[in-house]
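Peer 1: Read top to bottom, the protein sequences are chains A and B. Going by the numbering used here, the residue at position 269 of the first sequence is 256; the numbering climbs one at a time, nothing skipped. Going by the numbering used here, the residue at position 527 of the second sequence is 809; the numbering climbs one at a time, nothing skipped.
Think of the hints as simulated: they come from the structure by calculation, not from any bench. Quick reminder that beta carbons are idealized off the backbone N, C-alpha and C, glycines included. Heads up, a few of these hints could be off.
[Unchecked claim] Between beta-carbon pairs, the in silico distance windows are:
#: 1; chain 1: A; residue 1: Ala335; chain 2: B; residue 2: Glu1013; range: 54 to 60 Å
#: 2; chain 1: A; residue 1: Ala335; chain 2: B; residue 2: Lys787; range: 37 to 43 Å
#: 3; chain 1: B; residue 1: Glu850; chain 2: A; residue 2: Gln68; range: 29 to 35 Å
#: 4; chain 1: A; residue 1: Ser132; chain 2: B; residue 2: Tyr859; range: 55 to 61 Å
#: 5; chain 1: B; residue 1: Asp934; chain 2: A; residue 2: Ser209; range: 42 to 48 Å
#: 6; chain 1: A; residue 1: Thr275; chain 2: B; residue 2: Lys739; range: 45 to 51 Å
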Amino acid sequence: MKFQIFNAMKKNSKLIFTLFSMLLVFIACEPEEVITEVIVTTIEGPGQTISDLPFQKSGVVSASILSTPTSFSYFTNYSEQLPSGAIDLTAGNSASFSNYFPQTIYKFLAFGASLDTDNLELNRYAVDPETNQITRAGAIPLAASLSQVLIINDNLGVYTIFDTPSLFLFNPTTMQFIQEIPMPNAVQVDALPNQTNAYFHIIHRQQDNRIFLPLTTNSPVSPQFYDAEDIYVEVVNLNTLAWEKTAVFNQATYPLTRGMENPMVDEEGNIYLLTQGQYSLDFQFGPTAPPRSRPQILKIPANSTDFDPDYAFNPVNFIGFQNSVAQLCTGSIYGADGIAYAVMTAEADVPRVNELLALLAMGTITDAEFNELAALVTNSPNMRWTRIDLNAQTAEVIPDIPFTAGFVYPFSYTSDGKFYFQVFNPDQAANGYYEYDPATNTSTNVFTVAAGGVATQLFILEE
Amino acid sequence: MKKLLFFLLLVPVTIFAQNRFDISGQIKGENGVPIAFANVVLDKNNKYDVANENGQYRIQNVRRGSYTITITSLGFETITQTIEVSADLELNFTMSENVQALDAVVVQGDKASTQQEQKAITIGSFELADVVSQTNILADAVDKISGVRIRRSGSLGDAADVSINGLNGTAIRTFVDGVPIEFLFPGTDIATLPLTGLRRVDVYKGVLPVDIASDALGGGINIITEENTVNRIRASYSAGSFNTHLGDLSVTLTDGNESFLKVSAGANYSDNDYTFEAPLLVQNPDNGQLIDAGTGNIRRFHDLYRLQYSTATIGTYNKKWTDHAEISVNYFDTFREFQNNLQISNIAIGEAEGERENVAVVAKYDKTLIKDKLKLKTISNYSDLFVRFVDTTANQYNWLGDIVAVSEASRGEFAGAVLSETTTKSYVNRTTLNLQLPKSSSLTLSNLLAVQDRELKDFDIDNPTEFGVAPEQKITKNITGLQYDNQVFNESVEFSAALKYYTYKLVGFSNLNRVPIEDTEGFLGWNASLKYQLLDELSVRGSYERGFLIPEIVQFAGDGINIAPNGELQPEESDNYNLGFRFNKRFNNDYALTLTANGFLRQQRNFIFIDANAARQQNENIGDIDSQGVEGELKFNFLGNFNWNTNVSFVDKTIEAFALDTATDDLIGSQLPNTPRFFYNTELSWQTDDIFNTGIGVRLFGLYTHVDVFNIRPVADSDTIENTPDAFVPEQDRLDFGVALSLFDRKVTAAFNVVNITDEDLFDNFSIPRPGRNFNFKLIYEISNF
């Protein structure tokens, strides 16, 4: 068998070998340019107003999260109107992101952690008018992960970062950092090994221009989610740009509402704070559990920077589940005239929960059983969106919205006088949003996510 | 103490006298072209060798006496000659062509690796001698095998994730002489195990024979160590880009009383300071504020790797009481800096580091009984591994190595501050009995017993004298296998069937109240394989295995800190189906072709997964995954000097069930992200044992590797690599070239390799950039039979 090309290669082997060796030496010696230093020069940018920003200023962004055994993605889809019916968030002009988690929405902008990288950043998200897709529309690098962000006005926003006792100010229009307000005398709980402290909830009271920062403290060595028995709220005066004090409320825990962390401040300046308790996972459960282990709503009255010691009530008790061994209340949002909304436990305990809690009480529960209990308590679709009268200290279930697993994604929004509540209940094929009209006390299904995973955030753009 | 051990193992020992001899030489055709893979057999003591690509052979450790030596090779007249051995012999042979024999092709005279590839179960195999000049990292050589995808960073010392026909992670086990590497050399893998003393690598793509078997789901890699039967000194040194240096020295001494002593030691070092495009975060000197300065080409600054190791082995062979017995002491000491997390962000890791020390004792014993009918083989190991991990800094670094933030309250660079020490004690034994039965059949009984004890101390970083001790965690595995092999119909049908019984016992303590938790399980697996020689050149083969993967000790017992135990965790299961063919034809002495292709299906059940959204993190049996695909290999040898090898793989991996609390139905049937789907490599090499009549051997190679673009997370229909680059790993094309010279009567090998010569962008898991163009130079010196 003859292969001429191979014979030619054989004849020219000396040439091949010589050229090959020269090539290797040449390539190995090629130099490379490397950056070792960056020179920073500060240049004043042109004046800019929020209306100048070149983004979509109306419409709706629907979102979902899809988790697989190896990774997860958030899907977003922009539409001019509220979507309806079954929607596919993976098709059309939908886009995916490694992280899309708006922590606050202001007009037509959303703010949260880095959108598409692992960078430690505060990102501004907006809708690009050319692609109609969410885009990273500005960033501020951070020294630690973002804990919470809140926009005060067009030119002032505030944020906190993980395990850092400071409040940071920035301009949401220019995305320029303004200054840090350190809080060296703020409470830092360190009773347990490697305990961390962070502010995941920010409240701004417009009436006296103060910021209130409830502390969340946690140690990795304990199973519960809040490793203290009292609530600590740091108070910062934005007029003097200085920390003022720590407000304390005894026997309440976990001032974190999950979802959007909507601040609840009424028209007079009364601040209401939902504290979750410990979901009974701190070995305290049932109606005899101490108040700190169960949900409570607390109050800092208008013109005061201290808690009202006489104001504390458990809204779950008012919808008839005061005897539930485990109570959850999350996703709070303020409406008007002393009315707020939240999603809370609204179903009797299933027998298995009681069995497991009995084991917990006896101290014989295994980790596997404890995790089963935690999953039953936190991920079961046994919660309902509820109307809370903050003045009367009562609560009632909103009609026509199905039971939901309201622990993981209890998102609530308000726009144009209406409220939008996330619902996830695989048993009833519910996975989307319901619209609630307080004027008529009626609820209707807006849309259901048919593809793209679990419905997460709704972002209604307003000018 | 352990450091002292390292140096003690280096102490030279008594020189033994020589009373055995080697026979070596070269086999050529009448045209002077070397004849590759000829069989060279002595008529006594089961002594034989197979010539290499250059026709060279060596039969070692031959006793004094008279022998008949027989040389056979396909297409050539057989040579038979009587020889007298009283000293080392160099015998060269010239073979005459036998045209008639070409018509009755029978595959014979293959290297051990080639013989492995012809078995009924699908195996990819290579000899270390064939790759040692080309790479310092075993994983790179394994990556060239069809169906295999190795994912690792470009840093020396980083672990590798091995994927074989779609399954990866712990589903694929690595063995050394049939013993799981995590017990034999804890903390090492095929990317970090030094090449010293290794002989061959077999990659089992699906079915594992009982004498290799552990609880692997989808195949495994078995590394075979070399035997020590002749006096030998071998030293190698390699220097390369990124201040990388690898050196080792190995001395084997034998005596006339069938004993040997081998001492080896080595050290690996690299700064791993390769460059890549990174986000730049800098500090404004005016106000201390952090600024995003875009991206730039930076040099990694905190990725140092250092390994020092030593081994001492003493043994004997051909005694009445044993064919081979040896005992070894191994010491490994590793130090590692860390530079990045799973993904590149604008913050670099600048201080986190870890160290490992491992001391192991290994004993092997082989004996043939009942007139060579029964072979007993046993290997035992005890190892003590100490791991310390330190991640407590308050500093945050940018990619220029500058501190850009300091936060005493927020310490730790990975995920919170950690200062931990883990001690793992492992004991393992594998014992195999192989009984040759009449009519080309055999029965193999093999048992693997493995015990691992783990103790974790997690320090409070604010007060390092106080620490929490996680109670002892222990896993005991026992896997017993019985395998029957047979050849029937004039050896045209090869059949094998095996039963494996798995048991395990896991002991741990609950995170909550330190209540002991324990789990004991037993279950039965089996496999079968069939090969049919359809034609002289063509065989077809199929195999099936029902395999199990016992949970890792951390998966079951938790980590004592963040991951809760789950005593109810069940083993992962898989059904593996393989069907393929092998075509092999030698046209004449100048041209030979081998084509192999296999289709496969892996049905993985009870997939273990941590639900990050759960109230507490724990491992759960949460999903089913199917992997299916094809892989093929083409080997073409032409003109006696040229070899062209090409491997192609296509894998499709889909989610069949996923029981996450927040899972939705639309996930079912979708592609599993972060799985390379289409990849291939092709290598052209040319070699001669005497270039320009200088006596210098030369090998040149060029290797091209391609991995197609794939998504690392779920994507929307409109997502592309252009508009959503963070969701994809781009198409990767890598071209390597190298030259190796064999000098001074083959005592010295000098090699020079350029990796990624075109400086393409390459990535590991989750898009961590790998090095651009880099080079290495290697010098190997070896003398034997002195």
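Peer 1: Hints first: check each against the structure and report whether it holds.
Peer 2: Comparing the hints with the structure gives:
1. Taking 54 to 60 Å as the suggested C-beta distance range, the pair Ala335/A and Glu1013/B conforms, at roughly 56 Å.
2. Here the CB-CB span from Ala335/A to Lys787/B is close to 40 Å, well matched to the stated 37 to 43 Å.
3. Taken as a hint, the range 29 to 35 Å is violated for the pair Glu850/B and Gln68/A, whose Cβ atoms sit roughly 48 Å apart.
4. Against the hinted window of 55 to 61 Å, the Cβ-Cβ separation of Ser132/A and Tyr859/B comes to about 46 Å, which falls outside the hint.
5. Taken as a hint, the range 42 to 48 Å holds for the pair Asp934/B and Ser209/A, whose Cβ atoms sit roughly 44 Å apart.
6. For the pair Thr275/A and Lys739/B, the beta carbons lie near 39 Å from each other, so the given range of 45 to 51 Å is not met.
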